[in-house]
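Chemist: Sequence:
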Amino acid sequence: MPDLEELGDAAPSSGAHAAVKWRECGSRYDFRLKAADGSPLSLQVAISKTNGCHETAARIARLCYEKIEQGMSKDEVMTFRNSLQASVANKPAKPKAASSAAAPKEAAAAPAAALVAPSPAAQATPLPDALKQQEQDPMARAIAAASAAAAAAVAAAVAVQESQRQSPPKQPEIQQQTQQQQQASYQQQPLQHPPQQLQQTVPSEAREPARKTKKKTVVRIAGRDNARPSATINGVFSVRKTLFHGRKCFERLGECMVDNRFLFYSSPLFQWKISDRLDDAAPVFAFALSNDRGTSLPTGPEIEWMVFDGADSYSHDPEVQLLEEVIEVEEDETAHQDKKRKKKKGDAEAEPDLLLLKRTKLEEMAAAAWQLEQEGKLQTALMIDGRDLSRKNHLINGVYVARAGNFHGARSYEKIGNSGKRFLFYSATKQGWKISDKLQDLQSFAYARVE
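Residue numbers for the sequence shown follow UniProt numbering, beginning at 1 and rising by one.
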């Protein structure tokens, strides 16, 4: 445990005590604030850098916050934090209680020594009354005989172990001689209850089950010189579950990073951006233009990455590139089982009464046609038909009218009627038309690709 008194802590009047927070997801203490020039500034201290000590990590974070309050720059605070972490990591561990490898052997030999050579206090002459009572009581005589036999057996076992260490080739003869001594001891002093022989079993080594792994595709940003500004764009980025502007977005991996970094596509600017949060208005550390509206990743040497050099200026860095890689990660068995249990989205089961269903369908289409004709929308309406009514997802059949707003830059449609809410829209990520119950580019009941 590091010496906390020697490390110290921020002053009670400092705002560090309220600003420093514990983050369970990254096992770290961090804080965020604005520097003197108004730029955002964040810093974190992982407990892995303090030998697992929470209090030490929290104090280092509060001391760094106090230094920033006193006017120290971010680079100076980073150097100050690294020096504290290095001093904690290199601090020698406190000496443990004195122990030796021979302690178990001495503890194991102690009962044998106590039985073979009892202490003078144990050999003291008993009182006459107790001696007479022991001689007259048959149970006492049996217990005494059993103790003597056990002492002889232990002494013989100790002698066998000593002889095995000195002359291993003569082990069979020593064992035979020991057995003869034990039999002679038992014959001299017969026992009502012979001593039980204890067997020491060695537990089998616990074998960890083989963990399943799966391949995962990630992207790597590399090439930015660490001595230049915005070098924090370098790293490995993993895809996130949610989309941003209808495209995949990525978050940088790594243990206890100082700043978060996200890679995402900006639809209004037709750019791939690297920022500290998923926000199109957030500060940009690097960007690259996209010629295909973000359909593919900005890989290849022909992509020009403009990197922030400081003082509100960007310059082309030809060394910066985005590469796709395949890594192996441990597979979450629980999530895999939950995925198997999850039912497919769609209609629960086919309708049993097909005649009634067909009649209902015709009535809805007739009512929809009359309504669209009254509203003047009949010429712009679409009808999807052909899915057998006895099969699942037959509710995609119906009349669809254009909606007021677009989706992914294209016109979207909504089904009319009471048979179930359905939307028809174009997915820029899949490059096809989808039918779903929500206007979201996730799962769908049906889709058609467009080349």
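Treat each hint with caution, since some may be false.
Straight-line C-alpha distance at most 25 Å; calculated DSS-like pairs for lysine-lysine [what the hints assert, rightly or not]:
| id | residue 1 | residue 2 |
| --- | --- | --- |
| 1 | K361 | K392 |
| 2 | K421 | K377 |
| 3 | K74 | K34 |
| 4 | K241 | K216 |
The calculated label-pair distances, taken between Cβ atoms and stated as ranges, are [stated by the list, open to error]:
| id | residue 1 | residue 2 | range |
| --- | --- | --- | --- |
| 5 | A402 | T213 | 44 to 54 Å |
| 6 | Q379 | V236 | 22 to 32 Å |
| 7 | E55 | Q440 | 18 to 28 Å |
| 8 | T242 | E6 | 18 to 28 Å |
| 9 | A402 | V236 | 36 to 46 Å |
| 10 | Q379 | P318 | 48 to 58 Å |
| 11 | R403 | N82 | 48 to 58 Å |
| 12 | P268 | A366 | 19 to 29 Å |
| 13 | S296 | P268 | 15 to 25 Å |
| 14 | D309 | A222 | 14 to 24 Å |
| 15 | A282 | H54 | 26 to 36 Å |
| 16 | G405 | N260 | 37 to 47 Å |
| 17 | G405 | K241 | 54 to 64 Å |
Quick caveat, the hints were computed from the structure, so don't treat them as lab data. Note that the Cβ used here is the ideal one computed from N, Cα and C, for glycine as well.
Chemist: Hints first: check each against the structure and report whether it holds.
Modeler: Tested hints:
no.	hint	in the structure
1	K361 / K392	holds, 15 Å
2	K421 / K377	holds, 19 Å
3	K74 / K34	holds, 11 Å
4	K241 / K216	holds, 13 Å
5	A402 / T213: 44 to 54 Å	holds, 48 Å
6	Q379 / V236: 22 to 32 Å	violated, 53 Å
7	E55 / Q440: 18 to 28 Å	violated, 45 Å
8	T242 / E6: 18 to 28 Å	violated, 46 Å
9	A402 / V236: 36 to 46 Å	holds, 44 Å
10	Q379 / P318: 48 to 58 Å	holds, 54 Å
11	R403 / N82: 48 to 58 Å	holds, 55 Å
12	P268 / A366: 19 to 29 Å	violated, 44 Å
13	S296 / P268: 15 to 25 Å	holds, 19 Å
14	D309 / A222: 14 to 24 Å	holds, 18 Å
15	A282 / H54: 26 to 36 Å	holds, 31 Å
16	G405 / N260: 37 to 47 Å	violated, 32 Å
17	G405 / K241: 54 to 64 Å	violated, 25 Å
Of the numbered hints given earlier, the model fails hints 6, 7, 8, 12, 16, 17; all others are met.
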